[in-house]
Amino acid sequence: MMKGTANMKDRNETATTLTQLRLAKRSPEYWRVTFDHPPLNIFGPEMFPQVNEIMTAIETDEQVKVVVFDSAVEGFFLIHLDFLANLDNLVHLPPGPTGLHPWPEILVRLSRAPVVSVAMIRGRATGMGSELALACDMRFASREKAILSQFEVGSGFVPGGAPMARLSRLMGRGRALEVLLSAEDVPGDLAELYGYVNRSLPDADLDGFVDALATRIASFDKQTLAHTKRLVNVASLPPDIEIESGWNACVASMAQPATQQRIKWLLERGFCKPGDAENHLGDFVGQVGR
Amino acid sequence: MMKGTANMKDRNETATTLTQLRLAKRSPEYWRVTFDHPPLNIFGPEMFPQVNEIMTAIETDEQVKVVVFDSAVEGFFLIHLDFLANLDNLVHLPPGPTGLHPWPEILVRLSRAPVVSVAMIRGRATGMGSELALACDMRFASREKAILSQFEVGSGFVPGGAPMARLSRLMGRGRALEVLLSAEDVPGDLAELYGYVNRSLPDADLDGFVDALATRIASFDKQTLAHTKRLVNVASLPPDIEIESGWNACVASMAQPATQQRIKWLLERGFCKPGDAENHLGDFVGQVGR
Amino acid sequence: MMKGTANMKDRNETATTLTQLRLAKRSPEYWRVTFDHPPLNIFGPEMFPQVNEIMTAIETDEQVKVVVFDSAVEGFFLIHLDFLANLDNLVHLPPGPTGLHPWPEILVRLSRAPVVSVAMIRGRATGMGSELALACDMRFASREKAILSQFEVGSGFVPGGAPMARLSRLMGRGRALEVLLSAEDVPGDLAELYGYVNRSLPDADLDGFVDALATRIASFDKQTLAHTKRLVNVASLPPDIEIESGWNACVASMAQPATQQRIKWLLERGFCKPGDAENHLGDFVGQVGR
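Chains as they are written, first to last, in our numbering: chain A, 3 to 292; chain B, 3 to 292; chain C, 3 to 292.
Hints are computed from structural coordinates only; laboratory data are not their basis. Hints are not guaranteed to be accurate.
Since the list gives no way to pick out one identical chain from another, each pair is judged satisfied if it fits inside one copy or across any two copies.
Think about it this way: if two alpha-carbon atoms lie no more than 25 Å apart in a straight line, the pair counts; the simulated DMTMM-like pairs of lysine to aspartate or glutamate are [unchecked claim]:
| no. | residue 1 | residue 2 |
| --- | --- | --- |
| 1 | K147 | D38 |
| 2 | K266 | D63 |
| 3 | K224 | E270 |
| 4 | K27 | D278 |
| 5 | K147 | D191 |
| 6 | K275 | D213 |
| 7 | K27 | D242 |
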């Protein structure tokens with residue numbers, strides 16, 4: 003019946019100033035955003051405006067119904083802030099319209115957008131990568147290749163993108179406290195048990211599953227999707243004040259000399275560079291205070 | 003000790019004007035409500051007053067402690083509204099005492115009743131069938147034969163009986179959004195993983211398990227059950243305003259021409275009739291917008 | 003780097019007036035509290051001040067970061083009130099600073115303390131033992147040897163230490179109602195499925211796992227742990243008024259003649275004594291009203 007609205011006529015890739023991620027429109031209704039900033043998909047100062055541009059496109063496009071976030075980088079979905087980069091611009095960004103710092107604000111915008119967002123997680127999603135996944139409406143992980151975590155507490159600082167607010171509501175207090183306070187790697191099976199992701203699938207099945215789901219959702223009525231999501235938002239999203247408070251706690255913890263010392267120790271041993279430190283981040287942050 | 007209060011002396015079946023469901027008192031304290039409206043256990047205009055009558059009996063009886071809802075129809079626990087019936091009476095029912103439309107109000111009454119309610123799900127529970135199960139205090143499913151879903155978004159409208167409010171609190175935002183926005187069939191195993199049901203049991207064990215649980219609860223003190231449930235209600239029930247907002251969104255979405263077109267397409271292909279459409283409802287609603 | 007702060011120099015055991023539990027400082031940052039009141043680890047009038055003393059130490063110590071609660075008694079983590087003891091002192095304790103009865107108040111203090119608390123559950127945790135575990139930040143159970151429950155409703159009274167508030171938020175309404183209203187034993191596997199515990203581990207692995215986790219957390223920054231937990235508290239802890247209401251409902255239910263009769267029946271058949279009644283408490287309370 004409605005074949006015409008969901009076909010592939012606009013399947014050309016967009017070409018923008020995006021250099022660290024790509025936007026591909028599989029159809030006008032179904033978009034893919036692919037993080038492609040090898041070797042680590044690390045979140046540096048250039049990543050922020052690019053994610054922001056995508057976010058604005060998602061909010062303003064009249065046709066898009068579903069957006070899938072994935073990665074083109076082997077081993078990494080999207081990870082944490084690049085502490086080796088010049089972060090002055092990022093840290094001093096003015097607040098956005100909600101009064102939140104632009105990073106938590108982007109996450110809030112994603113959660114509230116009248117578009118369905120899906121994180122397809124293969125490789126490591128930690129720090130901002132985990133926070134972006136948590137701001138998506140759904141998360142599906144590779145059973146063999148996904149590792150989620152909030153590594154921050156192990157590095158001496160409070161996470162900034164509101165995982166305290168989101169994980170508590172997603173998996174309950176006990177498991178949220180474990181994920182946050184252990185700062186430990188969470189592989190696919192455990193992520194499914196805890197509800198960190200909707201489901202973990204065999205790696206070979208993940209792409210097919212997510213693509214079928216997104217294609218299905220893209221065939222539904224945009225207004226109905228948006229109104230149904232809006233009502234789930236009322237029941238499940240944290241208030242902005244919790245997110246603001248989490249951000250402020252992050253900034254305050256970063257200013258502690260003990261934290262700066264921990265980060266320095268980590269950076270001297272390979273943090274933010276390809277290699278063992280990032281490949282085994284859970285183990286790595288477990289060494290700093292011993 | 004207290005044998006006298008829980009014995010079988012009143013074990014006679016009630017005989018009322020009920021034609022689409024049956025009430026059987028296994029004891030004064032333990033009731034069974036069995037949906038028996040073959041071939042689909044579809045929810046038509048006559049079902050509503052019958053469920054309402056049962057609900058009033060549950061609320062006003064002084065002895066009943068536990069009510070189990072089940073089905074006598076192979077393949078179907080209880081499904082959605084019968085779009086082939088004359089729905090004028092149903093749609094134009096005046097609001098109940100809480101100000102809610104009578105359907106969400108019945109669900110609210112069931113959730114708040116000082117009686118323990120258990121859904122024993124074998125076959126399909128979708129639409130109002132899923133909503134009724136979600137309003138029960140507990141849900142147990144046949145691992146092989148239960149299929150739960152909220153198919154509505156696939157048909158172009160927002161669900162009306164508050165699954166946005168209830169699923170979000172039961173299984174967390176991510177899984178609730180998946181169930182609602184995918185409108186997909188959820189079989190027993192997945193329903194258990196997601197917390198859609200308390201547990202899924204091998205089909206052969208389901209009746210015995212639920213009967214033993216209900217018999218056990220029926221042996222406990224009625225006031226203690228009621229007060230304990232009341233405190234769980236405070237911690238877990240959605241506010242009425244969320245339920246009202248969900249109902250209003252449902253009504254508004256039904257009025258969209260695009261939705262009417264989707265429902266017409268579905269009805270022309272077997273929706274609300276025995277056969278493939280209802281037997282594979284998840285697949286079926288995935289075809290309408292392609 | 004920070005070896006000096008987490009070393010074993012203070013590994014001597016404390017020696018206080020504690021007779022039913024022990025406090026061992028594995029390091030200044032990592033404490034173990036071991037319930038050792040054979041044969042049942044039952045909660046009698048002397049247990050309360052000892053738990054209270056530990057709680058005050060946890061709150062006031064400047065170095066402790068993580069506390070693990072475990073048991074030295076085969077078969078029992080910590081169980082319910084000792085109804086055979088003189089409970090006058092316990093029942094008539096004046097309210098604490100929050101206005102709550104001292105028992106729920108201790109639980110609230112534990113949940114809010116700027117220290118990470120972990121329950122390592124081997125054997126039975128029921129009544130106050132389950133409530134203490136639920137007030138901890140995390141719970142890990144022996145897959146073979148842990149049994150959790152809230153047996154109270156089966157004995158005719160409402161639980162007093164707020165499991166209605168905590169279980170509802172931890173595992174969702176349906177499973178919380180089942181645990182509370184069935185008053186049934188919950189073994190390790192089911193406790194994990196329901197989220198009653200973070201994880202159940204093979205008994206042989208439990209000690210090693212919990213010790214490694216606690217050692218890891220003890221190596222992290224105390225302020226960062228505390229601030230991160232504080233933000234999870236905002237998102238996940240019940241308001242005190244719910245806890246107060248639960249306590250009041252417990253006290254009121256205890257005063258019912260029918261409840262006193264049930265407790266008398268139980269006591270005459272071995273409740274609160276070593277043997278079948280306590281070893282199979284779930285089955286046992288299922289007999290009283292038959």
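Here's how the hints hold up against the structure:
Only within a single protomer do K147 and D38 lie at most 25 Å apart by alpha-carbon distance; the minimum there is 17 Å, versus 44 Å between protomers. For the identical chains of this complex, K266 and D63 are neighbours neither inside a copy (43 Å) nor across copies (29 Å), given an alpha-carbon limit of 25 Å. With identical chains, the CA atoms of K224 and E270 are at most 25 Å apart between copies only, with a shortest distance of 23 Å across copies and 50 Å within one. For the identical chains of this complex, K27 and D278 are neighbours neither inside a copy (36 Å) nor across copies (34 Å), given an alpha-carbon limit of 25 Å.
Taking the shortest Cα distances, K147 and D191 sit within 25 Å of each other both inside one copy (10 Å) and across copies (23 Å). Taking identical chains as interchangeable, the C-alpha atoms of K275 and D213 are never at most 25 Å apart, the minima being 32 Å within one chain and 31 Å between chains. In the homo-oligomer, the alpha carbons of K27 and D242 never lie at most 25 Å apart, since the shortest distance is 31 Å inside one protomer and 40 Å across protomers.
Consistency with the previously given hints fails for numbers 2, 4, 6, 7, ordered from lowest to highest.
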